[in-house]
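Protein chains: 4
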Amino acid sequence: MIGKITWLIPDGFLPPKSTGEQISHEAVCVLNVGNEDADIRLTFYFEDREPMDRFRAACHARRTHHIRLDRLKDSEGNPVPIGVPYAIEVASSVPIIVQHSRLDTTQEALALFTTMAYPVE
Amino acid sequence: MIGKITWLIPDGFLPPKSTGEQISHEAVCVLNVGNEDADIRLTFYFEDREPMDRFRAACHARRTHHIRLDRLKDSEGNPVPIGVPYAIEVASSVPIIVQHSRLDTTQEALALFTTMAYPVE
Amino acid sequence: MIGKITWLIPDGFLPPKSTGEQISHEAVCVLNVGNEDADIRLTFYFEDREPMDRFRAACHARRTHHIRLDRLKDSEGNPVPIGVPYAIEVASSVPIIVQHSRLDTTQEALALFTTMAYPVE
Amino acid sequence: MIGKITWLIPDGFLPPKSTGEQISHEAVCVLNVGNEDADIRLTFYFEDREPMDRFRAACHARRTHHIRLDRLKDSEGNPVPIGVPYAIEVASSVPIIVQHSRLDTTQEALALFTTMAYPVE
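Taken in sequence, the protein lines are chains Y, B, E and H. Add 91 to a position in the first sequence, counting from 1, and you land on the number used in my numbering. Add 91 to a position in the second sequence, counting from 1, and you land on the number used in my numbering. Add 91 to a position in the third sequence, counting from 1, and you land on the number used in my numbering. Add 91 to a position in the fourth sequence, counting from 1, and you land on the number used in my numbering.
Keep in mind that the hints were calculated from the coordinates and are not lab data. Because the structure is a prediction, the values reported are computed rather than measured. You can trust all of the hints, since none of them are fake.
Which residues of chain B face chain H? A partial, calculated answer using Cβ under 7 Å:
#, residue
1, Cys-120
2, Leu-122
3, Arg-153
4, Arg-154
5, Thr-155
6, His-156
7, His-157
8, Ile-188
9, Gln-190
10, Ser-192
11, Thr-205
12, Thr-206
13, Met-207
Virtual Cβ for every residue (Gly too), placed ideally from N, Cα, C.
The task is simple: from the sequences and hints, build the whole structure.
Written out as structure tokens, the structure is:
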């Protein structure tokens, strides 16, 4: 089976400001090339508080899901905190591939960055 | 032989808008350092529809090919959908190295991102 | 245990100029998913002088730390040199994951880049 | 010994245009944490012509070298072609770590991208 079930992303941050029509945001982009749907749990680590571990998402078999972190809510309705450094653990029920990207329009124009997440197992 | 025959890229997106002279686009950049030409098949995965798997490209021996995804057509003349999240599988007849980049001029100025694709086998 | 204890980043640079409210900077983003605090030593390599190896930082258990390199001081109070190419070695007492990002506002708007660091052991 | 002796970078391009004071350029950023100087050979692969393989650079022991590709000349005085897609092979006499970055000021503001190169052996 292709991919890994756990992925880590140290540099997470939701910019509190946007300019123009593009909203600053991050996405955890998942690809599931297998034949089984992926049940995904996301844990957010912080610098000065306990991790938040009640976020869920899905990626169907032979589909991609670009999970928008600015729209994600945990099982109690809490969003991912804005303007605060965090890190992300992505744990899936089946092997997936994970890439993390940010679009930042804090200042004029827009900036993008991306990287493959770090594969654990 | 150097490289891998299958590569995966979860975060694909062709921005529908451009400003200035630079057209927003993505490129799948292939390097073939071997002595045999590479026959390449690209499959695009989506969030809510079946994959499109009839895209072909080539990279000659000891050459690079920066495959522009905004110009690619499949065997039936279909382009890669614009403004829609997708993921990419790159499968080659011989080992290659794959990097994926996006140039986004949706807003003023331009933004770039890149990452090595995820090597499978 | 998850992660590695040594990570390397060849492309380091603190831009001497900023525009707008965003200060140009780099961050070494550390994630520690283990149960033991990480004691971290950073060594900076240069093109034309001896390495500086007296920088320290920490990342508590189950926490992240986005270490701002423009604010870091070594044990003698020296900052990381500005406007000079450098490379970074991150050595930790326990396994961590390391990602490196730069925010550059030298010219109008802002530019971002990021990459996972190179894991050694 | 830390690092690899061969690294590959599929997406190379020197933008022909710059705006503002920042010159569009690429850099192959090398880190040599060993005790022996690195003698480095760079080969550039193209889409439609033979590779150029007479570029040399160095990185001393315990030093970094951010090799500016817009200033590099081969043994016959030829520069790296501008405005043309290429790929890069970096071969070193001793193990090194290689990261590749581009600064693009083709349009207003500046854009940056970076990635670790692909390690071969």
